[in-house]
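4 protein chains.
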Amino acid sequence: MNEIYLGGSFIEMGESLDVNNPFNGAFIDRCGKAGQKEIDKAIVLAQQAGAELMKLASVQRYEILHGISNGLLNERKRLAELLAGECAKPLRYAMGEIDRAADTFQVAAEESKRLPREYIALDWTAAGKGKEGWVRYFPAGIVVAITPFNFPLNLVAHKVAPAIAAGCPIILKPASAAPLCSLELAKIIDQTALPKGAFSVLPCDRHVGDFLIADSRVAVLSFTGSPEVGWAMKERAGKKKVVLELGGNAGVLIAGDADLDHAVNRCLMGGFAYSGQVCIHVQRIFVVNGLFEAFCERFLSRVKALKYGDPLDENTEISCMIDEKNAVRVETWVERAITGGARLLQGGRRDGTYYPPTVLTGTNRTMEVNGEEVFGPVVVVEKVDSISEGIRHLNDTRFGLQAGLFTFDMRSIRKAFEEVEVGGLIINDVPTFRVDHMPYGGIKDSGFGREGVKYAIRDYMEAKILVL
Amino acid sequence: MNEIYLGGSFIEMGESLDVNNPFNGAFIDRCGKAGQKEIDKAIVLAQQAGAELMKLASVQRYEILHGISNGLLNERKRLAELLAGECAKPLRYAMGEIDRAADTFQVAAEESKRLPREYIALDWTAAGKGKEGWVRYFPAGIVVAITPFNFPLNLVAHKVAPAIAAGCPIILKPASAAPLCSLELAKIIDQTALPKGAFSVLPCDRHVGDFLIADSRVAVLSFTGSPEVGWAMKERAGKKKVVLELGGNAGVLIAGDADLDHAVNRCLMGGFAYSGQVCIHVQRIFVVNGLFEAFCERFLSRVKALKYGDPLDENTEISCMIDEKNAVRVETWVERAITGGARLLQGGRRDGTYYPPTVLTGTNRTMEVNGEEVFGPVVVVEKVDSISEGIRHLNDTRFGLQAGLFTFDMRSIRKAFEEVEVGGLIINDVPTFRVDHMPYGGIKDSGFGREGVKYAIRDYMEAKILVL
Amino acid sequence: MNEIYLGGSFIEMGESLDVNNPFNGAFIDRCGKAGQKEIDKAIVLAQQAGAELMKLASVQRYEILHGISNGLLNERKRLAELLAGECAKPLRYAMGEIDRAADTFQVAAEESKRLPREYIALDWTAAGKGKEGWVRYFPAGIVVAITPFNFPLNLVAHKVAPAIAAGCPIILKPASAAPLCSLELAKIIDQTALPKGAFSVLPCDRHVGDFLIADSRVAVLSFTGSPEVGWAMKERAGKKKVVLELGGNAGVLIAGDADLDHAVNRCLMGGFAYSGQVCIHVQRIFVVNGLFEAFCERFLSRVKALKYGDPLDENTEISCMIDEKNAVRVETWVERAITGGARLLQGGRRDGTYYPPTVLTGTNRTMEVNGEEVFGPVVVVEKVDSISEGIRHLNDTRFGLQAGLFTFDMRSIRKAFEEVEVGGLIINDVPTFRVDHMPYGGIKDSGFGREGVKYAIRDYMEAKILVL
Amino acid sequence: MNEIYLGGSFIEMGESLDVNNPFNGAFIDRCGKAGQKEIDKAIVLAQQAGAELMKLASVQRYEILHGISNGLLNERKRLAELLAGECAKPLRYAMGEIDRAADTFQVAAEESKRLPREYIALDWTAAGKGKEGWVRYFPAGIVVAITPFNFPLNLVAHKVAPAIAAGCPIILKPASAAPLCSLELAKIIDQTALPKGAFSVLPCDRHVGDFLIADSRVAVLSFTGSPEVGWAMKERAGKKKVVLELGGNAGVLIAGDADLDHAVNRCLMGGFAYSGQVCIHVQRIFVVNGLFEAFCERFLSRVKALKYGDPLDENTEISCMIDEKNAVRVETWVERAITGGARLLQGGRRDGTYYPPTVLTGTNRTMEVNGEEVFGPVVVVEKVDSISEGIRHLNDTRFGLQAGLFTFDMRSIRKAFEEVEVGGLIINDVPTFRVDHMPYGGIKDSGFGREGVKYAIRDYMEAKILVL
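The listed protein sequences derive, respectively, from chains A, B, C and D.
Residue 374 in the working numbering sits at position 374 of the first sequence, and the numbers go up by one each step.
Residue 332 in the working numbering sits at position 332 of the second sequence, and the numbers go up by one each step.
Residue 308 in the working numbering sits at position 308 of the third sequence, and the numbers go up by one each step.
Residue 451 in the working numbering sits at position 451 of the fourth sequence, and the numbers go up by one each step.
Incorrect hints may have been included.
Treat identical chains as interchangeable: a pair holds within one or across any two.
[As the list claims (entries may be wrong)] The calculated DSS-like cross-link candidates involving lysine-lysine, where the alpha carbons are at most 25 Å apart (straight line), are: (1) 129 <-> 415; (2) 383 <-> 325; (3) 239 <-> 383; (4) 33 <-> 187.
Derived from the structure by calculation, the hints contain no laboratory data.
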């Protein structure tokens, strides 16, 4: 079924996209590929739906979003298996993603009743005597969402759910590697009372997607993906508002007073869950002096024990990467680091699309495994002398998404909160921590703007003041 | 000059109140004593001023309040000396109080432009489709303020400033022991554009003051003073809103990881500034095991060194109490504690109105020095085994105003925040800490409601929703 | 089954309360009557549950409250019939009440994740340099709820739902005339994960209920009912926080530019729905000059057509009153008004518990039908010369709950918003309008505090600041 | 004195810029012209000052900003005359601008104590149990401000004041036509405790200014000026946040029930104050049918009476334009409109830099006087049949800054609030209305982001969440 979801209709395309399981190459399903004509049509339909969408009462938006949330939970098992298959994500994590996406839609349902509104006195000076102001936030217009393969449902939800809450039509270009979950979402949304035209899913090639970026009828461009692609988009976005959720080389700092077992546990998850193909994957671990040896020992023994296998097997902890190209890239980066003087503590031998959990030490920021976004199952562990030195290392990068700090000392926590250059600092947990209603996004090269439903909603809206 | 300030006029009374310096008995000045007739007149004038007051634009409220703030600073020195004299407060603290009162009025000036207002969607259910709500807070009506001697300017400011910001007329009954600062404040306010009638200062006997409490034309009763008096007022307050800022036996807990010198410094200030005649005076110090001896040694040596003298001498650190009756009461309580088994570590010998800085240990909650509000220069120091035990001790009282905790450990801080039964928990400082815009007030027997300008304003206003 | 719900258990009582259908006297069911012993036990169990309740994560509170909401909807039909029977409320309104109660719980579910929290800078003066403040609101303690017969489910929901959201245990004394819905609610709540002890339903006599009012272990008293009973409670409430939702004689003003048909429609509903046994029942209608005759004509013809009958009949628009005592009271008030000079335009002849829809004119505030809360199917219609005169009439009463204004003129709307002394002013609708998340409550003799889930939650909590 | 203000020092430049009075060509003063070297130096100094700036306590930021506000008021007369001279703004408006700039700094002083901070529960799902979040907003980095000639002080204040409040260093490129006020501001700021380096004023040519736009060390670009320049900047801004306050062709709609005299008064001010060289100048007036003739008659008689003269004369109501180039441009546009079929009702004959108050009718959106930003003393007046048609006309443009609506009918007001595509809708006043703390900014081609101190502050900051 070469389908796309074009403004309320599932339609057949001439061209199609095959989706195979990266773990075993098995064919899963195919979908259609949109062309420029479909893009144009989606925009026209979105414009038409916009007026209708803006008129929906809160109770209607709530029912639509709540209905989507329930729709996802009703098909939890089936969707998780589809998701696990199309992106080789171990089933346990795939199940978690369905739940989180359902949460994201439910949070948006609730926030749709609580859109920002202000009522302000204007008589602060004589010029405003007798006047008051009411500020409502109106939908900014059409949102274009471009999403990556690694969370093919929840990162889509983080754009679609706030757009509906805000009253914006939304056109989605899903990742070509993993478009099927988006089309499943379209089926669920199609069953709700969302005005037809307000949502489209258009799998397409990048050059076709570029029409979405350039089109002046689009008001907001929300992109999650790689820094290079994202920043380039910003320059071509014209008058659009732009939100970029990019990646980084997230670091964690383990202080001398840390709970070591807890830190090891969390770093294992943060470093290797979904083979590190996560924007806030733990890539750099800095351990304060005294704890370094103990940390490495325990961490490495746990890394070795990670269970590799079929993503659809419930016991699998780590599976293959999304494709061989990326596995090769990671392999190259690790080899270059070793050539450059880094020491391999664990892992490091690629097998097709599989790259094993790998730990290095003795790296520096000029090596890609340290300074670039590795987006694979590679972690560097380095010793530092103090919290201050650790913070310097955390900051010694062009990225700034999230960071972790394991300590109980309030002075270190406050110092780090002031000094670590990130969008989120997680105490006693890894940077990989995220709950879906918190403000989330990076500074420096890691992003532009914040998501987290309520925060995304704000970016999709425009303030209008009524002065009376 | 037997004057009172009655709704915009300074008028002579037949009966007068002499104010003497508690330190040397010297006559300072006298003021008039209001009777029931004046109370009635003040209420009538306040009612009339109310309508005018409600119509003031933000810019006018701001100018009035900002003008009062400036007026206080312009006379800082003179007012501080008057204040120091009338309540025997060492000049350094009296100067600080003028500054804080000026801040309190400035904060109120700023908040008067930011009164709470809400603009809400009402279409959460079908019944509200097409409707929106605007919530404005309107002045509740006449506020009656009854204030104590110990901060005869800033505790007055904490009621007068928010009342003006909220648009409420206010009638003040100042402490009989220290009414002069209130009348000076009236002179400053009288120079502003505050509508006449909106402010009265009525020094009077308690039985006359009772008419204010009972009068049904009064909307809000805001009292700062002793728990017994306060709670009794609440029962006689009829339909009024009531705010009670009462006292307590504030405790501080010093953990094993505390910065000892810092803790000693702050406990010295918290324990003996203005002879402990402060609602959030440090009365109970709990020190975790290992630090107990060291703390006592350093603390006692510092207590011994406190410089006693004339409040008007800039070098004086501690002076006499407000009157002999209270000094005798404290003496009796200390003696009873010693009889009951407490050990006197320092101080304990009264000389007229002077009671010296006193430290006891081995007390328990059945002794007044521990379980009641001592409101004098007496501190008990006790050893505890753990943070948990310390928290139990902090809570083992019918009071709950503020508490202090000296530690850097985030686990202890969070535990204490959850468990200590107070309105404010101060980390690495004494419970005596207060800045004038923070929410301030107690739970249990220590109070009802919160002050802190913005918080007080809310209690002086009533929400009204416009549904459209 | 002589049951009450005592802190998590349904237990048999010796004494019982029979509940009969006021329309035909048919026995519906009976429940137990609690005594002083049960009250004490409920308080002890509530105290124990308090600690557990305070520790619940948001997700747990949400699940409990959302579960109750669903539970009500799942039994919508059965509950509506029970409710219609026990208080003779026409089924159409009874169905609406179940839906609203479900909404109230759902709103509370959502608000339980959004409890007030503040993070404030404290360095506004030098004294606060380097310090910050975090304000969390903690549950105040045990809430006692006393509720009336007229909305035996939703007015209960307005106390129980915010209490659970806030983390407060709650003890409910339902109306003796209509306790069965509360016990049904208890069955639903009992199926959730709410800690046992956190909720009790104690039908009892007023003198037994008085123990709840007096008990010092109770932190909050929330009462909905008659003004006399409410204000008397406040005086006996000791140190408790008190919320009073009392009644009034709500007025509506119809301006010369009003949409007459719409106004007639809404006044019909506001005046006679549930026989006017509603706190915000339209009791006084003021019509500006030119429209008076036309309004009366259309209104009276609609009043005449109201369909009387069995509350369980879906076609019934108006049924009997709650009991004969009240019907007789209304009869007496109408007769006295007529004796005093009022003119009867419609209705006025009682038949047992039934009192017909009645319209009077020529009344004044000294007549009970105008100046007191009639709480029955009686409306007075009076002519006024202008908006200003109409506002004077609206305000010419000791009550101030809600008012309505039919006009499209922004000047009149703003004037009325400033001047009408009420908690809520409803434009182009009757004062009877309420959606469950809006701030709701009266001023003057009509109440103390606000409900509306979020607003009620605030009254059930105490601010605690952490200064760091 | 060929000076610029470079990061805390007034330094002499080789190249200079002469500033002459546009009214009579008289030389006023000269200032220096910065080159690329100075730009680089200013950025380096700003970076250094950034760390210091971020550490300032609220009380320090307040004192700096409050000090600037006072500094402006202290030199009110002198500054107004300088301003009037350098941009030919009639003195009455120049005085008003000094006052407004002082207000803008005072508002920023107050807001610097109230920077956004959030404290949120994170336990909405099981994954966040036991965790809480604190969101602080940190300064984003260096702000570059580029400002126009027409409000050479207050539009500068709208960028400098929020930058200081937010803790961002700021580099200002003032309009070449009117740089002197900025340098006066620098003198005032130089006297405060603002860390040296945190503020620079760099008059320069546009190609030099381009280095500021391109530099990657700059975090925020805030531009006020023409749409063409602004939108082009956005495309070259790289990773910066961009705020654009551009212009428009603001419209006003006069309904049939409008207060005609009031509307005429306000349209006169909005249309011709400062020769219409105002972003929210009234350019298009739409009058509903019945009022059209009456409006035109009264309006034209008032326009004729406007007093032309020397900007420094207190009686002058209208003076010349900023330069002859612009006067010629306006002349051409008016001529083209007439050629295209428009009818000249008043004005239209240029004299050097003076262009007289001009009124046209019979225009359409293809004429520049209607469809482009005229930025001169030209107003078009058109008749419409209804509110709906009027709204269509208001929206029939690529701009959307502010609009005015004269009516008292709530239905029209709400309809317009929903439908008029602008950032601000002013009821019973012209779009020219602005008080400095209200959210201000346009949609469509009129801008990107909002100013208004608090709103600008938000754009100069980045959220950082601490998860604990």
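Hints versus structure:
1. 129 <-> 415: Close across copies (15 Å), not inside one copy (45 Å); limit 25 Å.
2. 383 <-> 325: So residue 383 and residue 325 fail the 25 Å test inside a copy (32 Å) and across (66 Å) alike.
3. 239 <-> 383: Classified as neither; 46 Å inside a copy, 33 Å across copies.
4. 33 <-> 187: For residue 33 and residue 187, only the intra-copy Cα distance (17 Å) is at most 25 Å; the inter-copy one is 54 Å.
Of the numbered hints stated above, those contradicted by the structure are hints 2, 3, listed in ascending order.
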